[in-house]
Amino acid sequence: MSDAVKFVVNAAGRPVPTVVNGHEQIPFQGVGGYRPEKSKHAPPIRSCADYPSSGDKRVASLEAALRKCGLKDGMVISTHHHLRNGDRIALQVLQTAARMGVRDLMWFPSASFPCHAPVIELMESGAVHHIEGSMNGPLGEYCSSGKMRGLGVLRSHGGRWQAIQDGEVKIDIAVIAAPTADAFGNANGAHGKSACGSLGFALADSMYADHVIVVTDNLVPFPCVPWQIQGNNVDCVVEVDSIGDPSKIVSGTTQITRSPDRLLIAEYVARFIRDAGILRPGFSFQAGAGGIALAFVAFLRDMMREKKIKARFVRGGSSKYLVELLQEGLVDYILDGQTFDLDAVHSMATDPRHVATSPFTSYNFHGKGNFASLVDVAVLGATEVDHQFNGNVVTHSDGRLLHGIGGWQNCLAAGCTILAVPSFRDRIPVIVDKVTTLTGPGELIDVVVTERGIAINPRRKDLLDAVRGSSLPIRPIEEIQKEVLAICGGQPEKAKVLDRPVAVVKWVDGTVLDTVWQVGELKGLLRPAREASAE
Amino acid sequence: MTGTTKTQATQTATAGRDAEDVRSDLNVVIEPRESGGIVIEVESRVAPYYGAAIQTQAGQVLKELGVSNARVHIRDQGALPFTIAARIEAAVRRAGLGEGKRALPERVAQPPASAKDRLRRSRLYLPGSEPKFFVNAGLHGPDTIILDLEDSVHAAEKDSARILVRNALRCVSFGAAERMVRINQLPMGLADLDEVIPEAPDLVLLPKVERAEQVVEADRRIREISTRYKLDRPVWLMPILESALGIENAFSIVSASERVAALTIGLEDYTADLGVVKTTQGDESLYARLRLVNAARAAGVQAIDSVYGDVDDLDGLRRWGQRSRALGFEGMGCIHPRQIPVIHEAFAPSQAEIEKAQRIVAAFEDAQRRGLGVVSLGSKMIDAPVVHRALKLVGQAKAMGLLPPEKEH
Numbered sequence: 001m002s003d004a005v006k007f008v009v010n011a012a013g014r015p016v017p018t019v020v021n022g023h024e025q026i027p028f029q030g031v032g033g034y035r036p037e038k039s040k041h042a043p044p045i046r047s048c049a050d051y052p053s054s055g056d057k058r059v060a061s062l063e064a065a066l067r068k069c070g071l072k073d074g075m076v077i078s079t080h081h082h083l084r085n086g087d088r089i090a091l092q093v094l095q096t097a098a099r100m101g102v103r104d105l106m107w108f109p110s111a112s113f114p115c116h117a118p119v120i121e122l123m124e125s126g127a128v129h130h131i132e133g134s135m136n137g138p139l140g141e142y143c144s145s146g147k148m149r150g151l152g153v154l155r156s157h158g159g160r161w162q163a164i165q166d167g168e169v170k171i172d173i174a175v176i177a178a179p180t181a182d183a184f185g186n187a188n189g190a191h192g193k194s195a196c197g198s199l200g201f202a203l204a205d206s207m208y209a210d211h212v213i214v215v216t217d218n219l220v221p222f223p224c225v226p227w228q229i230q231g232n233n234v235d236c237v238v239e240v241d242s243i244g245d246p247s248k249i250v251s252g253t254t255q256i257t258r259s260p261d262r263l264l265i266a267e268y269v270a271r272f273i274r275d276a277g278i279l280r281p282g283f284s285f286q287a288g289a290g291g292i293a294l295a296f297v298a299f300l301r302d303m304m305r306e307k308k309i310k311a312r313f314v315r316g317g318s319s320k321y322l323v324e325l326l327q328e329g330l331v332d333y334i335l336d337g338q339t340f341d342l343d344a345v346h347s348m349a350t351d352p353r354h355v356a357t358s359p360f361t362s363y364n365f366h367g368k369g370n371f372a373s374l375v376d377v378a379v380l381g382a383t384e385v386d387h388q389f390n391g392n393v394v395t396h397s398d399g400r401l402l403h404g405i406g407g408w409q410n411c412l413a414a415g416c417t418i419l420a421v422p423s424f425r426d427r428i429p430v431i432v433d434k435v436t437t438l439t440g441p442g443e444l445i446d447v448v449v450t451e452r453g454i455a456i457n458p459r460r461k462d463l464l465d466a467v468r469g470s471s472l473p474i475r476p477i478e479e480i481q482k483e484v485l486a487i488c489g490g491q492p493e494k495a496k497v498l499d500r501p502v503a504v505v506k507w508v509d510g511t512v513l514d515t516v517w518q519v520g521e522l523k524g525l526l527r528p529a530r531e532a533s534a535e
Numbered sequence: 001m002t003g004t005t006k007t008q009a010t011q012t013a014t015a016g017r018d019a020e021d022v023r024s025d026l027n028v029v030i031e032p033r034e035s036g037g038i039v040i041e042v043e044s045r046v047a048p049y050y051g052a053a054i055q056t057q058a059g060q061v062l063k064e065l066g067v068s069n070a071r072v073h074i075r076d077q078g079a080l081p082f083t084i085a086a087r088i089e090a091a092v093r094r095a096g097l098g099e100g101k102r103a104l105p106e107r108v109a110q111p112p113a114s115a116k117d118r119l120r121r122s123r124l125y126l127p128g129s130e131p132k133f134f135v136n137a138g139l140h141g142p143d144t145i146i147l148d149l150e151d152s153v154h155a156a157e158k159d160s161a162r163i164l165v166r167n168a169l170r171c172v173s174f175g176a177a178e179r180m181v182r183i184n185q186l187p188m189g190l191a192d193l194d195e196v197i198p199e200a201p202d203l204v205l206l207p208k209v210e211r212a213e214q215v216v217e218a219d220r221r222i223r224e225i226s227t228r229y230k231l232d233r234p235v236w237l238m239p240i241l242e243s244a245l246g247i248e249n250a251f252s253i254v255s256a257s258e259r260v261a262a263l264t265i266g267l268e269d270y271t272a273d274l275g276v277v278k279t280t281q282g283d284e285s286l287y288a289r290l291r292l293v294n295a296a297r298a299a300g301v302q303a304i305d306s307v308y309g310d311v312d313d314l315d316g317l318r319r320w321g322q323r324s325r326a327l328g329f330e331g332m333g334c335i336h337p338r339q340i341p342v343i344h345e346a347f348a349p350s351q352a353e354i355e356k357a358q359r360i361v362a363a364f365e366d367a368q369r370r371g372l373g374v375v376s377l378g379s380k381m382i383d384a385p386v387v388h389r390a391l392k393l394v395g396q397a398k399a400m401g402l403l404p405p406e407k408e409h
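Protein chains in written order, with the working numbering: chain A, 1 to 535; chain B, 1 to 409.
Simulated from the structure, these hints should not be mistaken for laboratory data.
Please note that the accuracy of each hint is not assured.
[Stated by the list, open to error] Residues from chain B shown here face chain A by an in silico Cβ test under 8 Å; the list is partial:
no.	residue
1	S24
2	P48
3	Y49
4	A53
5	Q77
6	L139
7	R338
Don't be surprised by glycine CBs; every beta carbon is placed ideally from N, CA and C.
Can you build the whole structure from these sequences, using the hints too?
As structure tokens, this is what we get:
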């Protein structure tokens, strides 16, 4: 298919295909440059006359449900990733469909995990045509090596909502694994043995898909409250023994890293937030689950205590540490996208100040605003960042798919965006001349914090002025890079990618930001036992 | 092999761990051959970026070591060049090749030489066989770092670690930190000195010292090597007393050489020697530590305390450090970078102490200006030792960054 692909150079200077998986594309037009003019997508109108007035929408099995929803060749099947690496349902759905003899499905997960690696067999057998969603580990390798039939499409969490809402992706059947549900289809992630907190990533699927199946291992009598997923959007309900492995859905407790270098970076991040004057009464920040993202919160907490400063809200990925801030009264609200440990799951289920959010409220760019832009400071990771402060999170420097975008692109809307990264990993420099795959335009990335110094985007004169006189090691990004190259033994070789695309990276407005290329044979590459996974 | 090389049995040899948890290190297997030149195979976690560079470097190292026929297999987990060179050299030597030769990587600029009485509040231990900890150690701001060849290095890895530490002294920037090496007990420690002294470490820690002769022997060897390599900077010594006998001989040990800049104690071995349990209060070692402080001060050198072993107990560490300072110690060891700021805080003079010292120094300077022999502050006469202590404290406070230089009196 690649032979027919036409490319244009977009506003970021990257060649991108004009057609992806049969759909016309709009190339990236600059940040805020594209304005859609059509109406939102809408699923068909349904009538209560076609649903049981008893409210009991149960069917005997997943297969029966898929049949009832009219499963056929070429359909788009969506799933969510709130069960993370413990998810049993996504794979079961696709395997069931394959057993039913269906072919060429498009799987549209909100993210994929290592547990979904067997989807490769379904792509090999023809049951699944391609995946539009994050791909890492074995799925990433499969796509990167050019074996997938269609192009991968990588979207942010907000971008996925936008794509569904705008009709770029029309979901035929959404399958929603639900830790608790009633027979009407109301569902939540707050309760049950497989509790995962929120079900926000499945909300758009439930609203816009032609058909919706709820699968649960904890069926309760009507009403299931809170109804994060409303049964009014649900076609049928399937009861199963288990939707996932609880130990892999959430961790018991989240631990802060003990890596001295990560702690140093985290400390620099917190001190920057303080010295730049962002730490002030009523401020807000975003925190994740990664090593540095978790650790900077611990440093920030100490500063908040010391200065008696309270935050209005914190944007999670939530864990024990954010819950402690809430309970200590250091923040008024947790606005939570996903829930990483048992403490956080319990908090969301019991504390009204711990709010489950969806990508619509937090991230969707085609709405009348979203709260990501109200966050004062967001702390994020990256695989690479370049002299123009462009960031890459989706591929290794050699071009292989590594991570999904997650909420990363959406968080760039924050008042101050900080990339907290080691200056090199193993021997591979993180600060580069030009990022391999553009995932975030540098004009939205304000600060790069490494263990060897902090670089501020020259566009942010206000931040440069704010930290003048601070004891922090503020340095030009090129100077940090030069030091790292001396340590690593010079510039690494450039990625040797082929001229065949395997995936595209979408910007938050649905335009195409960059292309991921097929990677040739990597001679002599030692693969670590455990490749990083992320959503 | 050429006829000029001393005939020696050669064998297949390996260096560097080969396991899944290895990071920033590599495994090298070398198979000496009679002919066929050099064959190098590289597998690497960073092959797409530095695969060719590793090939080239390996070839150069083998050439410098005079190896002309061998098959070499490298499994690299993202090692930096100084580590790659060290592991290849270790494997070559273990294979019975490269005798008398060193493959020395390019040297980075050395920090200025150490003053004998420089600030040594914290000394960060770095296991000498774990290169992944070396590169960023200086970023954590310890006063000194220790590349350890003794207890943290397995007996079978001593030869390889000493080459690695030598290369680190040449190539790794530890920032403003003083660069110490803890060698093994003599006589094995003499081989450590042969390898590392040419790279001018600032200070050598001598473990398990019980008699002055051990210090004298190390001193002599350092002098020989320094002369041979024309070193133009001092290499200080810090004996570690780790037994009851060592404590008894503290003064003769600390006075055994002009190189001795500080004296310290190893509490694990000392308490074991006593047959008592090591506690977080340290009552069982109080006598030894006080005796050590007295001996060190009698010889005019620094007394430095042991380490605090519980990395998670920063409050316990703070208490230990404050008490330690009160007893007369000027610093202690750290086993994790997060201990550094706590130790620096514990060994810092209080604001009240600094202010008092500043007043005394000001009064002293005033008296000097007016040509008075007697220094007085208010109605009190200040004795010379008090002035001396105040001058020292103000100097330390400046070195610790507690006093801005412009406030100098």
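Of the hints given before, which are not true for this structure? none
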